[in-house]
Each structure stands twice: as C-alpha cells, then as structure tokens.
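Peer 1: Chains U and C are the protein sequences, given in the same order. The first sequence runs 1 to 326 under the numbering used here. The second sequence runs 327 to 620 under the numbering used here.
No lab work stands behind these hints: they were computed from the structure. Any given hint could turn out to be false.
Using C-beta positions, here's what the derived DEER-type ranges look like [as the list claims (entries may be wrong)]: (1) U:L309 with C:P445: 31 to 39 Å; (2) U:N272 with C:V415: 54 to 62 Å; (3) U:I110 with C:F446: 49 to 57 Å; (4) C:V518 with U:F307: 48 to 56 Å.
Glycine included, each C-beta is placed from N, C-alpha and C at the ideal position.
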Amino acid sequence: MTELSAGGVPPSTSLSVAVGGRVGVQSWWRTPTARRYLFGYTLLAPAVLYVLLLVGIPFVFSLYLAMSDASVGVPVARFVGLENFKTAVENATFYVALRNTIVFTLGAGIMKGLLGTTLAFLLVQPFRGRKIIRALVVIPFTLPIAVSVLGWKWMFDSQFSVINWALNKAALIGPYGSPDWPVWLGQPWLAFFSVMFVNVWRGFPFSAIVLLAGLTSVPPEIIDAAKVDGTSFLKRFRLVIVPMIAPILFIGSAFDTVFTLSDLSIVYLLTNGGPDGATEILPTLAYNTGIRGGALGRGAAISLFLFPLLLPAMIMLLRTLRRRQY
Amino acid sequence: MATLAPTLGQRAPRTARARSVRRHVFIYLGLVPFMIIAVGPVIWMFITAIKQDADLYLVGAIPFWFNQPPTWKNFDFLFHNTFYGDWIVNTMAISFWVSAITLLTAVPAGYALARLRLPFAENLGIAIFMTYLVPAIILFIPLARVVTELGLQDSWWALVVVYPTFTIPFCTWLLMGFFKTVPFEIEEAAMVDGCGQLGALLRVVLPVSWPGLITAVIFSFTLSMQDFLYSLAFVSISEEKPVPLGVATELIRGDIYFWGSLMAGALLVGVPVAIVYNFFLDRFISGITGAAIK
C-alpha cells in the first residue's frame, strides 16, 4: 500500500509507479515503502559489511583460534578444544596478570571517578578563564597515548627522574643511590603504582568532562528549589545532585573500563609487564604470547578472558543506549 | 550572584565583589593541582625536546633551567637520522584513506539509519555502535590472519584496512545523531522539485551537512592516532610505521633512549593532534554518552 500520509515521503516518489499505467494491485516491491527500504538497506550495506567482515567474523574466528593450536608460520591448525584455556589457567603468570588487571582497572577507575568528580564540580562553576583552563586540563586525554606514555617513561627515569628531583628538593626522599630513592619502574609495587597512575592521569579528564556535560544538564531550578526549601549543602548533594549524576558517572566509568581493559600501550611501553611480572596484565600477556611468542591460539585464549570482564560494562552501556529517546 | 555559587560562600561576605573574589580564589586554588598534573608533563617534555643532550644529564642542576643554550638539534636529528619524515607521510596517508573509507561507508549508513524509517533502524544503529566497544586486544590476533591473507603484513596499508573497524562504528553513530538534526523539510522540498531520494541526499542534504562530515574526518584522524596495538602488531618495518609507533620503537637503541629526540618527535605530532581533538572533544563526549545526557 502506498503510504502517502507518512511524513518524509512526498507523493512525487510514487509518481513513477503510477506512470506505468493503471495498476490494479501493485506488487509490494514497487511501492514507495519498498523502494525506500531497498534504498536504505543499500546505503547501509557497505558499513554493515565492513564491520561484519572485519569485526564480526574475526571475533568468531578468535573463538576458533583459541580452540586450535595455531601458531605463526604454521598454516594448518589442529582443533584442540579447551586445551589453550587449560594451559593458560595452569600458568602462574596468568593468575598474576588476571589479578593485576582487576586491581588495576578497579583501582584506577575509583581514582578517576574521584578526581573527575572533583574537577567537574570545580569546572561547573562560572569563573574567569574557564574555557582556557578546561582546554588545558583535558590535554592528557587528547594527546595520543603512545606519545604521553613516552613522556612519563622519561619522568620515571631511574636516575634523571624530574619527579625524584622535585621530591628530593622537598626533602621527601633521599639522594640518588640511597634506599630512599624510588626507582619508579624498577620496584614491583612502585611500578604497579606508576602504570596505574599514568592510566589515571590519562583518564581523569575524560571522567570530568563526561560529568561536566551531565552537570550542566541538571536544571539549576532544581538545585535552587532545594535551596529555597532550606536543605543543607550536604543534603542537597546527597538527595538531589548524586541521584542526577550517578547514571552519568556510571556511563563514563563503563566507557572508561572498556578503554582501560583493552589498553596495552601504557604497560607495554613503561614496563612490558616487569619487574618480575609485577605489572603483567592480560593484554600484555596475550600480546607477548600470541605475537611475540607466536602461539596465536594461546594468545587468543588469553585475550578472550578479558571478555567476561568487559561484559558487565558493555551490557550496562547497551541498556542505556536502548533507553535513548529521540 | 547567590545562584552563581551554589557550593561555595555559605557565609555571606560584606559585598558582592568581595564574595566574587573569594569564590575565584577558592576555585583557582582547587584547580592548581589539576593544572600542574595535566600540563606539567607536557611542559617538561617540551623543555627536554629543546635541551642539549649533555644538559639533560647534569647532576645537581635544576632540570627546568637551561644550563646550555636551547637547541633545535633534536628535531634536526629526527629528520636527518631517522625515518621521521616517512612516518609523517605514512600517518597522513593512513589518515587520508581511513577518512575516505569512513566517509564512504558511515555517511550513507548514518543517513539511512536516521532518515529512512527502516524497520529495526534503532537496534541496527546500536549494534553497529557496540562493535566500537569490541576491543582491539580481542581482535588483533584474528586480524593478523586477515592482514596476512591480504598480503599486507609489514605495510601501512594493513592499518588502512584495520582502522575503519573502529572509525566506521563510531562515525556511523555520530552521523546518525547528526542527520536527525537536519530538518526534513529541505529534503521534501527537493523531492517535490523532482529530485529522487538519492538526488535529495547528494544535492541537498550533504551540502548542509558539512559540519557533520568534517567531524567524521576529524575523528577518523584522532581515533587512528590513539592506536598503538594494531600498528605494533602489524607493522615492523621502520619506513612503514606511523608516527606514534615509530617514535616509541625506533628512537631506542638497546638500553639507550634518545630522550631529546623522543620528546621532540612525540610532541611534534602529539600537540597538533591534541589541539584538534580538543576542539571536538565535546562532540566525542556527546557522541558516546548521548544516551544519558541528551
């Protein structure tokens, strides 16, 4: 049936159908609706095919690889079932990497949330120079990640660390060579703290800007109304502001979790998992096993262990995206 | 004035001006640590980049001070003793092709999802966007196979094939939102004037959508620049590397880091990218969080 009344499809499109003569029962394929669908799905096809071919199929293929003994240079792979997962789980390094990944993601996530919230509440105030300050504060997030990590590598230098110089001048640490001189990337706990710190440094502006966008969407009348009602600042914060920003904070954290879990460049460039596996995370383990070690199957299996960690964040995002109203 | 300071200034000072000054002082004091943490490293990188080598390793000297005159020789070194020039050309070429592929696929897709009232358009849009969240770390091993099958290993063309896996989903989503804001009337007018649906898209909708198209190009560029894993996994020949990978892997000989040139090479490309990204950051945020904030 022709949908002449539906907005967006003017009568003119059906003209070409009508010219064909007096068609009693139009075949559905020639109706404007059908033509619109055909046109629409044709436009969609390239993007859908690209994503299907290079994300969908590789994803399925990674499941297959993980269950095969594929390795670099050996074209034919045997099906080995869950062997790779078993080998991975039986490896002590795997547990270290899994534990580090979880601690790293959660710890850094909480710190980014706290710093980001503080910064967002400062930036939401009207003050002079706000735009410039905002532009400067987001630099860590906008710099290409490999570039800024190199800067940090230099700042964590074992001898010429500018951080140590400053701490030393402030009399917080001892002189170079003494046990009180921290070697940031050389001592297990410090190294773990350092890679986490760089992740926080890169991510806190993102949390802040996401929250800021949310805060500016809180109608000021609501806060004013609460103020008129005589509620204290703390109560206003708890009852009005927190419920309004919590969903936004969750979205920001969910995205950030996805970014953090899948990022290997910080650890790879700063420590490559060392010293002694102290900063090994699943991405670096998967890379070193799969590409450097050439055991594609085992590497794929290790990287798939990230999936259950990613899933909660992805499901949460999916639910909020579906709620989006136009 | 009271409404301007919802969280500060509980005790009423004498005048509005004094209150405003006090409020500013509070805010600036709160922002100082953030500024130092955010910008400090970049300034330090810049100082390192224009210092003479010997000056970097002076024990006892103030690191922020120039004990020997500043120099451009670290930048010189990049262009004369490394493949930095090639890396820049590679990066530009990759960005160009990735943008082209992204525009050719994401523009029609975004338009179709936003405008043509297709069945399942909303869910399809979400499905495409969700692929943006499938991380590179899960895909890079199977994609290594794809790259080998295509005969593109160790060539920057491998990255041209791979980067659209994240730029297409992101830009489709972005453009879908964008096309929804273009008024329907202009299309209808064009079709009344005898344009077909395709004609209306090409002649009327696209010309008024150039801000959206530029945004898509910018993100194809900035998102590609954020990649490290794919280039690390697929490109190992020096001349074929993009800038971030080249700087991170080629300016190190064994245990020796050429810090001056490293920082020079990193900033020379990093700062322009950061500036461009900065201007489009709000688009990025509203693109990915549109859900909750609208």
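Peer 1: Each hint: holds or not?
Peer 2: Right, here's what the structure says about each hint:
1. U:L309 with C:P445: 31 to 39 Å: holds (34 Å)
2. U:N272 with C:V415: 54 to 62 Å: violated (29 Å)
3. U:I110 with C:F446: 49 to 57 Å: violated (38 Å)
4. C:V518 with U:F307: 48 to 56 Å: holds (51 Å)
Hints 2 and 3 from the list above are not met by this structure, while the remaining hints are.
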